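K.L.:
Chains as they are written, first to last, in the numbering used here: chain A, 4 to 455; chain B, 445 to 709.
Any given hint might turn out to be false.
As the list claims (entries may be wrong) - In silico DSS-like pairs for lysine-lysine, Cα to Cα no more than 25 Å straight-line:
| # | chain 1 | residue 1 | chain 2 | residue 2 |
| --- | --- | --- | --- | --- |
| 1 | B | LYS625 | A | LYS441 |
| 2 | B | LYS625 | A | LYS54 |
| 3 | A | LYS403 | B | LYS620 |
| 4 | A | LYS448 | B | LYS620 |
| 5 | A | LYS363 | B | LYS556 |
| 6 | B | LYS521 | A | LYS96 |
| 7 | A | LYS442 | B | LYS625 |
| 8 | B | LYS514 | A | LYS448 |
| 9 | A | LYS443 | B | LYS620 |
| 10 | A | LYS192 | A | LYS216 |
| 11 | A | LYS96 | B | LYS625 |
| 12 | A | LYS442 | B | LYS556 |
| 13 | A | LYS305 | A | LYS28 |
| 14 | A | LYS433 | B | LYS620 |
| 15 | A | LYS96 | B | LYS641 |
| 16 | B | LYS514 | A | LYS442 |
The hints are simulated quantities; they were obtained by calculation from the structure and are not laboratory data.
Just so you know, these numbers come straight off a predicted model, no measurement behind them.
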Amino acid sequence: MKLFTFPGGIHPSGKKELTCHQAVKVMPPPKMVVIPLLQHTGAICEPLVQKGDKVKKGQKIGDSNSLITAPVHASLSGVVTDIRSYPHPLGNKVRSIIIESDGLDQWAEDIKRDDNYFRLLPQEVRDKLRDKGLVGLGGAAFPTSVKLTPPADKNIDVIIINGCECEPYLTCDHRLMLDNPREIVEGLKIIMKLLDVGKGIIAIEDNKPEAIKLLSATVKMEPNIEVVAVKTKYPQGAEKQLIKALLKKEIPSGKLPFEVGVVVDNVGTAVAIYEALRDNRPLIERIITVTGSGIKEPQNVKVRIGTLFSDVIAFCGGLQGDIAKVIMGGPMMGIAQYLLDVPVIKGTSGILALTAQEVKIVQAGPCIRCSKCIESCPMNLTPYLYGLYGRRQEYEAMGKHNVADCIECGVCAYGCPARIPLVQYAKWAKMEIAQARKKKIEDGKIEKKDNR
Amino acid sequence: MIYALLILGGLGLILGIGLAFAGQKFMVHMDPKQEELLKALPGANCGACGFPGCLGYAEALALGNAEPNKCSVGGYKTTKAIGHILGVDVAEKVAEMAAVFCRGDRESCADKYIYDGISDCRAAIALSGGSKGCIYSCIGLGSCVRACPFDAIEWVPGNPPKINPAKCTGCGLCFKTCPKKVIGLISREHAVCVSCKNLDKGKEVRNVCKVGCIACGACVKICPNKAITLKDNLAVIDYSICTGCGKCVEKCPTKTIIFIKANGK
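Next comes chain A alone, as it looks inside the complex:
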């Protein structure tokens, strides 16, 4: 079988066997959930409920008037006990709605199955996806309704459903493909109809042969949909790398996949789209991989959005060993946590607990110009320069070397024999450049351009 891939990339140890052979367990609703009003890329929501209000499962409790946003919903039926700033897995505190369960777990009245969902008009579909709070479940949590609204002058001709799951340790998409293949295909068909596209591709890394086999069988009767095996390599699941691998098309610098006529969505998002339209169900639960040698019973769990990490870990048997690091997401792109009292958000794909034996604190040495980072950079950038300029805080020079195109996959820092935190320098430079730009706009030195 011919395998598609992109130039560059690395082969970290997958560690997927910890969780990939067990069926997804459903975690019973917790006693309390914390729903942050910001769980997506975009504007923060305003609460629609007040302290003391009774809410039902699936009720919309936060929304915003901004263009790029996603409303949030109650994932339990119960009482709003407080609305205050609460620690958030992405770092700083975020205003959150705290709901205590009444034990009934009742759905809101308007959540009914609609078998005629395919008759909805495109705008109705988008409105519904927005109303149900759908965001991309791959990790970046970009609002789905915005992603499925291409500019009028762009013609979309391929939809890619991303089932690569290249991040080590994570297997939630793998399990989803084995358990819900029908829903993934239905979700893809909804997107294809919505954008009037004649071709759909489901891309899966070749380390998941059962998933490839099962989905190939599922799409046998669908002439427009193809299941493609791609090479197991990190970051194969990154949007730009997947497009490059499958279609040999490169997205111009600073542009979106719309530019080459492609929309990429995660398998989890496809299922959520299907459930939102057919079952009228908002995004209030997701599958996450709880794994790592620090977890007693590593497994995939379906949890309510807003469940605290500590509750999820307790459901998986608790922590074991000398825990040094707990990460939200995978080891390559995940975010280290310092509190376990943070809630699961829409973008949480996993909880990874690592022990002291696995976490090393290393001292960065000088760059030896081995060019390993350049060879492996999937965006064809020159990361070693970010290390050199970063140490001198020369952000403008980093900008000239296209640091803005960095996808922050961490391949450069992973392979660096001198252990230079290259990707961290790139992230820092992006932050500083954005800040300098904001300041220039405030001072009126440059015009605000709407290029993204």
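Starting from the structure of chain A, add chain B where the hints point.
P.N.:
Chain B only, in chain A's frame:
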């Protein structure tokens, strides 16, 4: 031997004449006013005025594109000299110096996690606002220390820095670098300073820091001139009234209000 001397000597002579000629021919004429201004400036080339070094500032001044009071390093003396050259009146400006508004060192304000990244405060804030327990606190990775062109900041890694008033010129490069804005400029005439930026309630401050302002109001009550008020859970001194008597420094239970010895210049 003699040929080598002749050849090298001759070569030197020819090139020397060439250089002398080129020096005359291609000489860049500097505005005499600019030259005079450059002499009046301190020559630290720190860039605090917002221009590329003292030459850049002198050029902008000569062209009339800059205010004469931008040089904080030279202070009022330089401003007066510039005003004299340009023939404009300058208002007297009080000399300023930097002060750190945080005393939370490793003992009094514990870390919430072990930071293992780029050793720079501006990079460290990306991970939940820095590793210190207090989100308003100095991160203590020394970005300001490296930014200071005058070596005026004394610092033990991990802890908030201390400003040496004798060396500080008030250029402000440190607080432009500080991502937490826990350094600021204060007038050299001020003797006291509230060294905390935490706007949380007293109990929450107590949970993370032993030396933070808990907004107890003791300083407000003790101040004989009513110069201190509480704003957003933080004591604020009105320096136009403050006499620097130091009663608040004695009274402050957390030792957040401290004396600043601004001797030196």
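K.L.:
Would you mind marking each hint as holding or not holding in the structure?
P.N.:
Comparing the hints with the structure gives:
A hinted pair counts as satisfied when its Cα atoms are at most 25 Å apart, and LYS625(B) with LYS441(A) qualifies at roughly 18 Å. Distance hint between LYS625(B) and LYS54(A) is unfulfilled; the C-alpha atoms sit about 34 Å from each other, more than 25 Å. Pair hint LYS403(A) plus LYS620(B) holds up; C-alpha atoms about 24 Å apart against a cutoff of 25 Å. Between LYS448(A) and LYS620(B), the direct Cα distance comes to roughly 19 Å. Compliance with the 25 Å bound is thereby established for this hinted pair.
With a CA separation close to 19 Å, the supplied pair LYS363(A) and LYS556(B) stays within the 25 Å bound. Distance hint between LYS521(B) and LYS96(A) is unfulfilled; the C-alpha atoms sit about 47 Å from each other, more than 25 Å. Straight-line distance between C-alpha atoms of LYS442(A) and LYS625(B) comes to about 16 Å, which keeps the hinted pair within the 25 Å bound. At most 25 Å may separate the alpha-carbon atoms for a hinted pair to count; LYS514(B) and LYS448(A) meet this at roughly 21 Å.
Distance check on the hinted pair: LYS443(A) and LYS620(B) sit about 15 Å apart at the alpha-carbon level, within 25 Å; holds. For the proposed pair LYS192(A) and LYS216(A), the alpha carbon gap of about 19 Å is at most 25 Å, so the pair holds. With a C-alpha separation of about 19 Å, the suggested pair LYS96(A) and LYS625(B) falls inside the 25 Å cut-off, and the hint holds. As the CA atoms of LYS442(A) and LYS556(B) are separated by approximately 31 Å, the hinted pair breaks the 25 Å bound.
Between LYS305(A) and LYS28(A) the CA atoms are separated by roughly 6 Å; this keeps the pair inside 25 Å, and the hint holds. A C-alpha spacing of about 18 Å is found between LYS433(A) and LYS620(B), which places the hinted pair at or below 25 Å, so the restraint holds. At most 25 Å may separate the alpha-carbon atoms for a hinted pair to count; LYS96(A) and LYS641(B) meet this at roughly 18 Å. Our distance criterion of 25 Å between C-alpha atoms is met by LYS514(B) and LYS442(A), whose separation comes to about 20 Å.
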